[in-house]
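Model the placement of chain B with the ligands on the given structure of chain E, informed by the hints.
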Amino acid sequence: MPHQCTSCGRTFPDGSKEMLSGCPDCGGNKFQFKPAGATEDTTAGATDQADPPSGDAGPSGSAAEGRSRTPPTPDDRSASTPEESGTDRRPTEPADATPSDASASADASAESDGTEQIADRSDEDTAQASARSEVVSPDELDRASRDIEPAETPPAEEEPEPGIDALRDELNDQFESIRIVSPGQYELNLMELYDRQEYIISLQEDGRYVIEMPDAWGIQDE
Amino acid sequence: MGLLTNLRDSISRVTDGLFAADEPKRIGIYGPPNAGKTTLANRIARDWTGDAVGPESHIPHETRRARRKENVEIERNGRKVTIDIVDTPGVTTKVDYKEFLDHDMEKDDAVRRSREATEGVAEAMHWLREDVDGVIYVLDSTTDPFTQVNTMLIGIIESQDLPALILANKTDLEGSDVQQIANAFPQHETIPLSALEGDNMDEVYTKIAEYFG
Ligand SMILES: Nc1nc2c(ncn2[C@@H]2O[C@H](COP(=O)(O)OP(=O)(O)OP(=O)(O)O)[C@@H](O)[C@H]2O)c(=O)[nH]1
Ligand SMILES: [Mg+2]
Numbered sequence: 001m002p003h004q005c006t007s008c009g010r011t012f013p014d015g016s017k018e019m020l021s022g023c024p025d026c027g028g029n030k031f032q033f034k035p036a037g038a039t040e041d042t043t044a045g046a047t048d049q050a051d052p053p054s055g056d057a058g059p060s061g062s063a064a065e066g067r068s069r070t071p072p073t074p075d076d077r078s079a080s081t082p083e084e085s086g087t088d089r090r091p092t093e094p095a096d097a098t099p100s101d102a103s104a105s106a107d108a109s110a111e112s113d114g115t116e117q118i119a120d121r122s123d124e125d126t127a128q129a130s131a132r133s134e135v136v137s138p139d140e141l142d143r144a145s146r147d148i149e150p151a152e153t154p155p156a157e158e159e160p161e162p163g164i165d166a167l168r169d170e171l172n173d174q175f176e177s178i179r180i181v182s183p184g185q186y187e188l189n190l191m192e193l194y195d196r197q198e199y200i201i202s203l204q205e206d207g208r209y210v211i212e213m214p215d216a217w218g219i220q221d222e
Numbered sequence: 001m002g003l004l005t006n007l008r009d010s011i012s013r014v015t016d017g018l019f020a021a022d023e024p025k026r027i028g029i030y031g032p033p034n035a036g037k038t039t040l041a042n043r044i045a046r047d048w049t050g051d052a053v054g055p056e057s058h059i060p061h062e063t064r065r066a067r068r069k070e071n072v073e074i075e076r077n078g079r080k081v082t083i084d085i086v087d088t089p090g091v092t093t094k095v096d097y098k099e100f101l102d103h104d105m106e107k108d109d110a111v112r113r114s115r116e117a118t119e120g121v122a123e124a125m126h127w128l129r130e131d132v133d134g135v136i137y138v139l140d141s142t143t144d145p146f147t148q149v150n151t152m153l154i155g156i157i158e159s160q161d162l163p164a165l166i167l168a169n170k171t172d173l174e175g176s177d178v179q180q181i182a183n184a185f186p187q188h189e190t191i192p193l194s195a196l197e198g199d200n201m202d203e204v205y206t207k208i209a210e211y212f213g
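Residue numbers (our numbering), protein chains in the order written: chain E, 1 to 222; chain B, 1 to 213.
Keep in mind that the hints were calculated from the coordinates and are not lab data. A hint or two may mislead.
As the list claims (entries may be wrong) - As a list, the in silico DSBU-like pairs of lysine-lysine whose alpha-carbon atoms are at most 30 Å apart:
{"#": "1", "chain 1": "B", "residue 1": "Lys94", "chain 2": "B", "residue 2": "Lys80"}
{"#": "2", "chain 1": "B", "residue 1": "Lys80", "chain 2": "B", "residue 2": "Lys25"}
{"#": "3", "chain 1": "B", "residue 1": "Lys207", "chain 2": "E", "residue 2": "Lys30"}
{"#": "4", "chain 1": "B", "residue 1": "Lys25", "chain 2": "B", "residue 2": "Lys207"}
{"#": "5", "chain 1": "B", "residue 1": "Lys207", "chain 2": "B", "residue 2": "Lys80"}
{"#": "6", "chain 1": "B", "residue 1": "Lys25", "chain 2": "E", "residue 2": "Lys30"}
Only a predicted model underlies this, so the values are computations on that prediction, with no experimental measurement involved.
Looking at chain E on its own, in the form it has when it is part of the complex:
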């Protein structure tokens, strides 16, 4: 139950589609992420995020780099990234995906009222959630590896230490858009941040964060 509504306390499994349209019980749209504990995680990508030489890292290069490290996230589907709008990199479609999904996804995300898109996303959300939290099935491995560029080194096998490091790794894996190097030191994957439908509003060093769903942006006036 990795997510919990901050107003009524209801919990949701990771990737729950209910969460995406606000808490069904109280309508709240802030959720706290509660790490389930240490899981067997790959830590690929932990070391390859150093600043590329300036000048040669265009949007497509960086995005591809960001993508290739990890299995596709749910948000990859709705991403409207510079290089991806015309190409479908997703190897497998959920059975119920609409035929026009690939080409229409950018529009859908831009002007979605939430519902349609969420329906579309549910399958992959679930798949993604279990891919993260359970032992990876051969099918999922296959799915993941096909999304990884051939040149990329295979995921490192090392197991994270339990405790704070494991929590951090889990957060990093969940949110590959932000990597916590150590308290107060962060690396950001701008493309991932740009692609995400929800955004992080509060990072906490113990591996928790509070996220807010797209309904009500907290923005300060004047």
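Same frame as chain E, now just chain B with the ligands:
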């Protein structure tokens, strides 16, 4: 805000709705930390509304939440252009509290600033995806424009077909190199200015009206 102003505002909103048919465009002020985004936002807001938008500082990541100033009415050549300006946190790929320790900050404060700055980047990126109709991209013309952040943000802006103005700020400083910015982004118009001194603001406003009107 007085009653009359309120009334006038709501009337003009109604007439805007009836005749102009569109809401003010929301213009995001984007760029790397310390480029002078808030200084520019404050200058625009002060020039046309009398208010400021937020605090400026030589310490990077001063702005850590997006801040909005609505209904900024800019008059150019007898034409009125109304925009909402959003001053956003500086975008970067790395935030390190150690950077703040040089500015006489306690470690705790530096770590907190660092966390907030990271959240700020997430917010800025999110706004870019969902909530802006145009972008003013501010660069410090004394620094190298060929960075990953600039290339990526300009790339995103182009992929979204957002109208974008590139401002080469801090022309009052020695070492300002406007041409280098123009070379870095030849597909866009680069306008030199000093947001601090107010140099060349006339051209900036003319371009804002032209691009976002
Ligand atoms: N000399 C000079 N300094 C400027 C100019 N514009 C801004 N500055 C200075 O640059 C520093 C950063 O300005 P800010 O407006 O806070 O920069 P910012 O882009 O909002 O920075 P973040 O909020 O940290 O992303 C401040 O010390 C400003 O006084 C300019 O045109 N000339
Ligand atoms: Mg600022």
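**Report entry** Ascending list of hint numbers which this structure does not respect
**Finding:** Going through the list in order, the structure violates hints 1, 3 and respects the others.
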